[in-house]
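Fit chains B, C and D to the given chain A structure using the hints.
There are 4 protein chains.
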Amino acid sequence: MIRAGIVGGTGYTGVELLRILALHPEVEVTAVTSRADAGLRVDKLYPSLRGMCDAVFSLPEVERLADCDVVFFATPNGTTMQTAPDLLARGSKVIDLSADFRIKDVAEWEKWYGMPHASPQLIAEAVYGLPEVNRLAIQEARLIACPGCYPTAVQLGLLPLLENGLVDAGYLIADVKSGVSGAGRKAELSSLMSEAGESFKAYAVAGHRHLPEIRQGLQRATSEQVGLTFVPHLTPMIRGIHATLYARLKQDVDLQALFEQRYQNEAFVDVLPAGSHADTRNVRGSNRCQIAVHRPQGSDTVVILSVIDNLVKGASGQAVQAMNLMFGLPEQQGLRTVALYP
Amino acid sequence: MIRAGIVGGTGYTGVELLRILALHPEVEVTAVTSRADAGLRVDKLYPSLRGMCDAVFSLPEVERLADCDVVFFATPNGTTMQTAPDLLARGSKVIDLSADFRIKDVAEWEKWYGMPHASPQLIAEAVYGLPEVNRLAIQEARLIACPGCYPTAVQLGLLPLLENGLVDAGYLIADVKSGVSGAGRKAELSSLMSEAGESFKAYAVAGHRHLPEIRQGLQRATSEQVGLTFVPHLTPMIRGIHATLYARLKQDVDLQALFEQRYQNEAFVDVLPAGSHADTRNVRGSNRCQIAVHRPQGSDTVVILSVIDNLVKGASGQAVQAMNLMFGLPEQQGLRTVALYP
Amino acid sequence: MIRAGIVGGTGYTGVELLRILALHPEVEVTAVTSRADAGLRVDKLYPSLRGMCDAVFSLPEVERLADCDVVFFATPNGTTMQTAPDLLARGSKVIDLSADFRIKDVAEWEKWYGMPHASPQLIAEAVYGLPEVNRLAIQEARLIACPGCYPTAVQLGLLPLLENGLVDAGYLIADVKSGVSGAGRKAELSSLMSEAGESFKAYAVAGHRHLPEIRQGLQRATSEQVGLTFVPHLTPMIRGIHATLYARLKQDVDLQALFEQRYQNEAFVDVLPAGSHADTRNVRGSNRCQIAVHRPQGSDTVVILSVIDNLVKGASGQAVQAMNLMFGLPEQQGLRTVALYP
Amino acid sequence: MIRAGIVGGTGYTGVELLRILALHPEVEVTAVTSRADAGLRVDKLYPSLRGMCDAVFSLPEVERLADCDVVFFATPNGTTMQTAPDLLARGSKVIDLSADFRIKDVAEWEKWYGMPHASPQLIAEAVYGLPEVNRLAIQEARLIACPGCYPTAVQLGLLPLLENGLVDAGYLIADVKSGVSGAGRKAELSSLMSEAGESFKAYAVAGHRHLPEIRQGLQRATSEQVGLTFVPHLTPMIRGIHATLYARLKQDVDLQALFEQRYQNEAFVDVLPAGSHADTRNVRGSNRCQIAVHRPQGSDTVVILSVIDNLVKGASGQAVQAMNLMFGLPEQQGLRTVALYP
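Residue numbers (our numbering), protein chains in the order written: chain A, 1 to 342; chain B, 1 to 342; chain C, 1 to 342; chain D, 1 to 342.
If we strip away everything but chain A, and leave its shape as in the complex, we get (with noise of 0.2 Å):
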């Protein structure tokens, strides 16, 4: 059995952390830390747990956690960056849910995450956790930076036409909805049903802190220049990503058979039968992406719709999918699920 460590055990990525660990076979949970309810019961917070998880919090100290074969951080960005290093000096995998590792250029990630990177040196190791990009390298990890949800949706669906050179990199257009629980589990006003409920809106179009991390692997993809015009928004509804992709296309293809071909072989990306739309009830507490390909009234601009459960395939699902490669498992160990629906 894999002994497992959740730093961070309180928010809603630790929370989902625990219900897929639960019942996964070879993973075994022996430490969940929280500062603040330290001493308490897992399920006495969490009663969806009960009789699934025996687990107490603990403070986050590094000798209980060392004793871990793999630590997941789902903690605020800055943490992570703080313990990794004598984590992994032990000997211990870290895979990380917060940002910390994201981003290879250490001043871009300073400029957006606002505080200097306490550990620039693991930067170049660190392995940005997509496996449908980066799969070998993940196997060979030790540290892991999972992508952020509107990264893994707008990347999944962006790459075919990337990796192949089909559209303009420099005009691309992500738009972008996301439910409430991407706030996070965080006393906040806007996250407030009352303010969130019955209402849409954009934010943050001025510059979202993901926008350099779907910038970056974009460009891995190409040598053009990627431009870029990021807007997310927020959806009155809990779980789930739908990414809208605009690009224009250069030349004419066969863009149901690129994406098929692409994701042929992988688990957890389903191209959708042509004509069809994305729904996200359809990956609701499910692993997968599911991606369809239009191209309205035959003109070049194509339309990618790309769907995720942000707290699974956005983050805690694709934190265990890379687990699971790291540790020689079958990819789809305890992530063999159904969506919720309805």
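Note that these hints are calculated values from the structure, not bench results.
What you were told as hints is all true, and nothing was included just to trick you.
No copy is singled out in the list; a pair is fine if it fits within one copy or between any two copies.
Listed next, the in silico EDC-like pairs over lysine to aspartate or glutamate satisfying Cα-Cα at most 20 Å (straight line):
hint : residue 1 : residue 2
1    : 250       : 168
2    : 186       : 37
3    : 104       : 140
4    : 44        : 260
Just chains B, C and D now, with coordinates in the frame of chain A:
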């Protein structure tokens, strides 16, 4: 492998059976019927099942169904009673999620359901599929009448009190709130999001079809005459039932201990710690009933809070639980999941 | 023009007062206070008010407020009782939407609200602002204690029964469901959309602060000892309260006629036709209470369904109704609107 | 008093007309028709209107309607074109909320709406009822074609750019999100709360009927050939449309000033301060369009956020605005309200 058939696979209890059985290690779904969609791949209608279900909807022909070890009926009321005799005669077991065999008194059934009963000879044999009450009978049964969603939540909440003669059976109140999926996948005005969303209402206060079923179930537990006021409500969410139950205590008793003992061996009934409030989100997608017991201000009024997912413990999950019992499988097989929170 | 001030203009009852008063032909809002947002234009915080409100948040200074004919307190509990004596002494009338003056028994108030009362000398004078009970006293009052949202829905539903001695006052049940705006515009985890959305739960079953207020109001209507079980619930919508009320009839009576007669001259209480179900959407944004009366299966249990918009008839609308009475205006002025459906 | 008739009073735009006109000081609703509900009191179907509307649904007979000064058609497409000629001949004005007279090119209309046009001779005369573009023509018109909901939000957002030749008209993107009331009060599976709730999806990406209408409206503002990609989405809320619009700037310009000047005299178009995000909740129930203008990271891509309430500025409110203009009333009469927030 158990060969299972599903009649009426296009409704919410049908697709929920498919979701559960797709991951059940001992079951193979060999027939899914739908008159309207015969010939269509199931995963075309339900993209959440892509990759998990290769079935194609077929016509509900007895020949094909009789080839199954067990046939689930996820049909409107009045269908199972037409076909069950044939299937039973040919050796298939039948698990009915509709109301056809729930009421023992034929005249009562015919009054509430507004049609003559087509198979009254089977009513006595049919076993009411509430394992927490009828486990042994279910193990031996050929024909199961699965309890309704409201009746499941109400009975599990009130039975411990009635079985021990602790409350006035003549004055029970069940104020119950259901998510809209309880109305099924039917194109009706009252189930539109524009009608049911952002609103709350009672309905069928004069008399709901689940009233005689609940009364029958409660009456079995007591020799007193049961008097029950049952008020169902529609709450603006998709899944979940919350029953708030009121009864007058006849004597002092440790209610918390009473409930804990009654359900100590039940895998799917979870008595919450004293002082808790049950929350439907904590059972969403799971087969569990969570119960909290209160006696506000020390008065003689007991308040029981009982929550289930109406499509799981209130329908398809409970049906699979019964199937496990009927085929000698571990009762939790295929049902050990964690609720989808948030 | 009546000069009105609003203390605590940044909460939901504050902005609702602004919405209503912006269109009231006899009122000019001359002060809106907020410690946190002093100096900010009101319509910067609430863009819904752009073009309808030129006010700027100011500090809650008595000098400025004393210049108003009437001051509404849309503040947390414990604030009005500090400032009201001063304002009354200077000739302003005070309408308090908080709980400071609702309970006549000071000790009881201090027990439930957990603080000493700062102005006990004003409690006797304060008029409980439920016009359907206290119209004449409201007309003469200097200080109004506006009823809570739950108490409004429950009292309007039960009073006709108690006033006529028709039910057992010792065994009343109020099962009440509230939208999340009732919790106010406060950054609390339990009000997040990810927590409160798609879920239903009871809370404060052991004792909610509105219990003594409801009990006091009901007790005034009967010489019998009132016994009340009050269970509040949170339902996943923004606005609306639905009270389902249960009582035991002591004698036969035409309930429909009783309610219609009781409220025949009330502009804001609407008794629905026999057989109706009240629906919160039909009062959304309006100052109306709609009531439906049932006696299921002819038993001796009366079931009353009573709905209001918690922010209007349950708070700010009722406050303006009281203001109209205090200043000799038509009771409906500024309140004649149609609910926003769908 | 203007005598107004409403044909098709049972749909959402019909009941919204009733809500608005009930409080309009210059209008008396003298006929409300419904084939299915003829003979029924309107407030029986819509209890929100109790006390505000004494009308009874009648059959849609021309005799009765011709007695009105103005007749609103809140009907499915294909109805107005049958009856309008008769009513116009008898001197009534006609305001059509359906699509019958929106498209000037008959062949184009017939292609998208799948039926022959019954009154092609009236198409040239019909005035497209967008006051911000056609105010003078509306004042003189007998027959108004009210814009669709999507077209209203998109045109108001893009016209200032096109009218001034500032963007590449050949590459416009409109990513638009609508609440579910846009689908009308029709019993369709896709509008069920269990289907549309807690989920997000695009639909009709291959081509939506509002595409030619939007294209026509934009084309009028520019001599360049308009190229538009329009992707409508369904978002899990009842009311509201949020258009996110993308265009490429051809020259540098002060976008904020441009929009403010274009709409400075428009009562119902509100350009938000620079840096704002538009939020559908801030226009819920009001006739206002709120617009925010962005140019992220100083690139040449303009992002316009444009929000309306689809049932008000997107339908019934805009229809009443047109009526005010046609009858020489103040344009805001009956429409000066504040959005219902929260």
